[in-house]
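Listed below, chain by chain, are the residues.
2 protein chains.
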Amino acid sequence: MPNMALMVYPSAKAFSLPPPVESRFRELVIRNAASNMAENVPIRPGSSSKLKEFPHLSASHRALMTDLVGATESRLEDRLLPCTLPPDVEYFQNQNGTSQGALLIRSGSPDSSINFILGSWLHSQLPTGASLNIASLSAYLRPSTDAPNFLIEFIQSSPTSLILILDLPPRKDLVLNPDYLQLFYEDTGLDKYRKAIEELPEVRPYAMSSLFFRSLVSPTSIIVRVDTESGGPERMEEIIANHVGPVARDVIRVWLDECACKERGVGEMERGNIEKRDELVKKKTIDIDLGSSLPRLFGQEIADRVVAAIQQIFEA
Amino acid sequence: MPNMALMVYPSAKAFSLPPPVESRFRELVIRNAASNMAENVPIRPGSSSKLKEFPHLSASHRALMTDLVGATESRLEDRLLPCTLPPDVEYFQNQNGTSQGALLIRSGSPDSSINFILGSWLHSQLPTGASLNIASLSAYLRPSTDAPNFLIEFIQSSPTSLILILDLPPRKDLVLNPDYLQLFYEDTGLDKYRKAIEELPEVRPYAMSSLFFRSLVSPTSIIVRVDTESGGPERMEEIIANHVGPVARDVIRVWLDECACKERGVGEMERGNIEKRDELVKKKTIDIDLGSSLPRLFGQEIADRVVAAIQQIFEA
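Protein chains in written order, with my numbering: chain L, 368 to 683; chain A, 368 to 683.
Incorrect hints may have been included.
Intra- or inter-copy, both count: the list cannot distinguish identical chains.
Claimed, not checked - EDC-like, lysine to aspartate or glutamate: derived pairs with alpha carbons at most 16 angstroms apart:
| # | residue 1 | residue 2 |
| --- | --- | --- |
| 1 | Lys629 | Asp445 |
| 2 | Lys650 | Asp546 |
| 3 | Lys643 | Asp546 |
| 4 | Lys559 | Glu605 |
| 5 | Lys539 | Glu635 |
| 6 | Lys539 | Asp455 |
| 7 | Lys643 | Glu630 |
| 8 | Lys539 | Glu565 |
Since the hints were derived computationally from the structure, they do not count as laboratory data.
Based on the provided sequences and hints, a complete structural model is requested.
See the structure below:
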């Protein structure tokens with residue numbers, strides 16, 4: 368079982384936001400005393416309402432994220448344990464409230480193939496007046512199956528600019544395993560969703576700065592930048608509601624049907640390889656991602672608390 | 368040692384040329400009697416002058432391909448055997464001469480880490496009056512090293528439209544081998560070449576139709592479409608001479624210095640894995656590529672002859 372924690376996967380650092388945005392992040396870093404709005408809220412295992420509020424997203428974006436989290440929880444409900452994060456990790460903010468974040472993590476029951484599902488949002492006011500919003504949902508399976516994981520992440524630095532990552536990251540070398548490529552990526556028709564998104568005039572492919580994350584994604588991954596400068600925020604809403612939304616709902620349905628809810632025979636030796644690979648992915652994700660973006664947004668103390676809580680759950 | 372042949376790697380079929388071009392290919396398929404201009408030419412092992420002429424390429428394109436083949440041969444000369452292809456495989460054409468092709472294959476000496484280098488060009492007149500030109504150089508290493516291979520391929524369907532593939536395809540799963548990723552792709556600074564090409568206004572990323580080939584390439588691969596409709600063929604010449612050329616020469620130098628000419632300790636078990644992976648890559652390349660594009664351009668008989676000759680050499 369993996370013993371490393373994992374979080375907002377390829378976010379700010381991994382995706383190399385433009386230098387002006389990155390330097391503004393640094394200005395925002397506060398010597399953090401834990402000003403913690405959530406501390407008085409009683410623990411409500413499994414509710415994690417703060418996560419599901421997605422309070423800083425636009426209407427269509429919020430509706431989509433709520434749908435995706437809801438669909439995943441309801442389909443996997445009998446195999447998910449309640450969220451047991453402490454309240455100051457379920458919701459956290461920096462001292463002056465310019466950066467806020469919320470997490471929902473639900474481990475799979477020990478006999479299930481679900482390792483955990485993880486939802487998150489981060490919000491940060493930029494000195495420009497604009498806001499950075501990152502929202503993600505990921506789902507990781509256990510080494511008892513070799514089926515792909517699930518990931519969707521939105522990184523929005525203005526109402527007209529969005530980076531979207533949507534993928535079923537493979538858990539095996541696709542070159543050495545063409546049958547696996549055929550089963551999960553060809554036969555599922557995933558590439559048509561990539562094409563549908565990339566055909567939109569406001570969309571262009573986006574290169575993640577981390578070569579490791581580029582290596583991690585599948586050949587049908589959707590990794591794009593959407594710019595609706597000329598169409599304004601209304602066009603972004605329309606793209607999320609009418610294009611990204613239907614695609615994301617279809618892709619998560621493929622993941623639920625073909626990956627999360629189907630038994631896969633995995634031999635002992637293969638299981639060891641998958642376990643090793645899964646652990647590497649989680650370790651790298653923490654090193655590359657959590658190690659830099661959380662401290663920059665929230666300060667070291669809050670970042671350490673959040674990371675420690677996650678690690679504690681996943682190492683259990 | 369690999370026992371399957373390999374050729375013009377991700378060409379027409381793998382790259383899914385636009386449907387009108389693909390259907391025009393089919394019109395061109397001739398019931399082939401081997402009208403074979405090259406049959407009277409004596410065998411000149413290692414000369415393969417026809418390949419090196421690149422007679423259908425533009426001046427800057429021809430200069431670049433000649434340079435790349437020359438640089439590779441001269442650097443690896445003491446480890447390469449002469450080309451022993453029969454003359455009707457070194458050069459071949461269909462009955463009415465509308466499709467022509469040339470090959471150069473030089474195996475590495477048995478004690479070297481070089482498996483083979485392979486240069487090719489294909490030329491086909493389209494009913495529109497335009498020509499399709501494919502030119503490639505690839506180099507494959509033996510399982511005595513795990514270092515990446517080399518590949519450059521140009522697919523040009525008009526003087527203002529080019530698909531370029533330039534990569535050092537990895538020979539291991541990069542997720543399971545982050546040190547390998549670091550050594551060959553981070554430390555070599557390869558990503559700056561990708562950025563330099565993708566920053567050109569006429570360039571946009573290109574998605575290969577084959578998911579297998581997409582899985583095969585590295586995270587620093589250059590896989591782009593260049594369109595110079597507005598700047599005309601002159602701008603294409605300029606891009607090849609001043610941008611693609613310098614990048615390609617640098618990348619092949621990286622491959623020669625860091626991959627082809629450095630010893631790598633590879634353990635017995637690892638060697639078996641690499642051998643298995645290399646064989647799969649070659650088998651898939653033939654299935655996806657040779658199996659369809661050569662018969663379409665030259666008819667089944669010539670295609671069979673070319674494939675058989677290649678297989679014979681590589682299985683030796």
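I'd like to know which numbered hints this structure contradicts. Please list them from smallest to largest.
Of the numbered hints given earlier, those the structure breaks are 4, 6, 7, 8, listed in rising order.
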